[in-house]
Amino acid sequence: MKASGSILGGFVILASLAAACGTAAQTQARGPERALVGATWSGGEERGIAGYENYGGSFVRAPVAIGVHRSLSNPRDWIFVSKIEIGRAGDHALWRGVDTVRASGRTAESYVAYECKRASRGLKDSTPEPGVIALVGAEYAVDNGDFGLLRAEAAWDVSADGGLTAIREPVVCADEGYGV
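Residue numbering for the sequence shown follows the working numbering, beginning at 5 and increasing consecutively.
No lab work stands behind these hints, which were simulated from the structure alone. C-beta: ideal position from N, C-alpha, C; glycine also. There could be a bad hint or two in this list.
To be verified - Pair by pair, the computed Cβ-Cβ distance ranges are:
#1 Gly-126 x Thr-169: 17 to 23 Å
#2 Glu-50 x Asp-129: 36 to 42 Å
#3 Arg-65 x Gly-126: 17 to 23 Å
#4 Gly-91 x Gly-52: 18 to 24 Å
#5 Asp-165 x Tyr-144: 21 to 27 Å
#6 Ala-142 x Gly-167: 15 to 21 Å
#7 Glu-49 x Pro-134: 40 to 46 Å
#8 Asp-129 x Arg-92: 31 to 37 Å
#9 Ala-39 x Ala-145: 34 to 40 Å
#10 Asp-165 x Arg-122: 30 to 36 Å
#11 Gly-35 x Glu-133: 27 to 33 Å
#12 Ser-77 x Glu-50: 15 to 21 Å
#13 Pro-134 x Gly-94: 28 to 34 Å
#14 Phe-151 x Gly-94: 21 to 27 Å
Take the sequences, apply the hints, and build the full model.
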């Protein structure tokens, strides 16, 4: 009986260590972009992420904007940083980082789209859904000569407070270069 209690106790300790190691690995996998969550900076400052090029960003819904960074070593690897405008410093906005997500494009040609919507909202026009952003490639859902809608490879809903939530249903985005 004592031996089985020791064995059971050993399994509990091993399970606890495995869980702790899994948690540590998960935390490490989040990367240096997490340092931007809660940080504040002026729009006149460059807030970079080591190993990534800052691709700028766009307002998604006032006062929330998204900053986009692309890996220098793997052009399929992207980081999105949501930030909220918390004031002004002269000509520049003051920002506070709210949330981050990493995404991997299917190809090195994948890029960010800000004019997106859930496909269930219709494919007859390119009217965007507020707060929906995506990573897109070159696969069309609609290409009818008047406008094009690209299928999203990954998409997120940006909440009014800057939270990023993955969208699990099909999303389409306006091809901003369509007809150019």
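Here's how the hints hold up against the structure:
| no. | hint | result |
| --- | --- | --- |
| 1 | Gly-126 x Thr-169: 17 to 23 Å | 22 Å, holds |
| 2 | Glu-50 x Asp-129: 36 to 42 Å | 37 Å, holds |
| 3 | Arg-65 x Gly-126: 17 to 23 Å | 20 Å, holds |
| 4 | Gly-91 x Gly-52: 18 to 24 Å | 22 Å, holds |
| 5 | Asp-165 x Tyr-144: 21 to 27 Å | 33 Å, violated |
| 6 | Ala-142 x Gly-167: 15 to 21 Å | 29 Å, violated |
| 7 | Glu-49 x Pro-134: 40 to 46 Å | 28 Å, violated |
| 8 | Asp-129 x Arg-92: 31 to 37 Å | 36 Å, holds |
| 9 | Ala-39 x Ala-145: 34 to 40 Å | 37 Å, holds |
| 10 | Asp-165 x Arg-122: 30 to 36 Å | 20 Å, violated |
| 11 | Gly-35 x Glu-133: 27 to 33 Å | 29 Å, holds |
| 12 | Ser-77 x Glu-50: 15 to 21 Å | 20 Å, holds |
| 13 | Pro-134 x Gly-94: 28 to 34 Å | 29 Å, holds |
| 14 | Phe-151 x Gly-94: 21 to 27 Å | 40 Å, violated |
Hint compliance for this structure: hints 5, 6, 7, 10, 14 are broken, all remaining hints hold.
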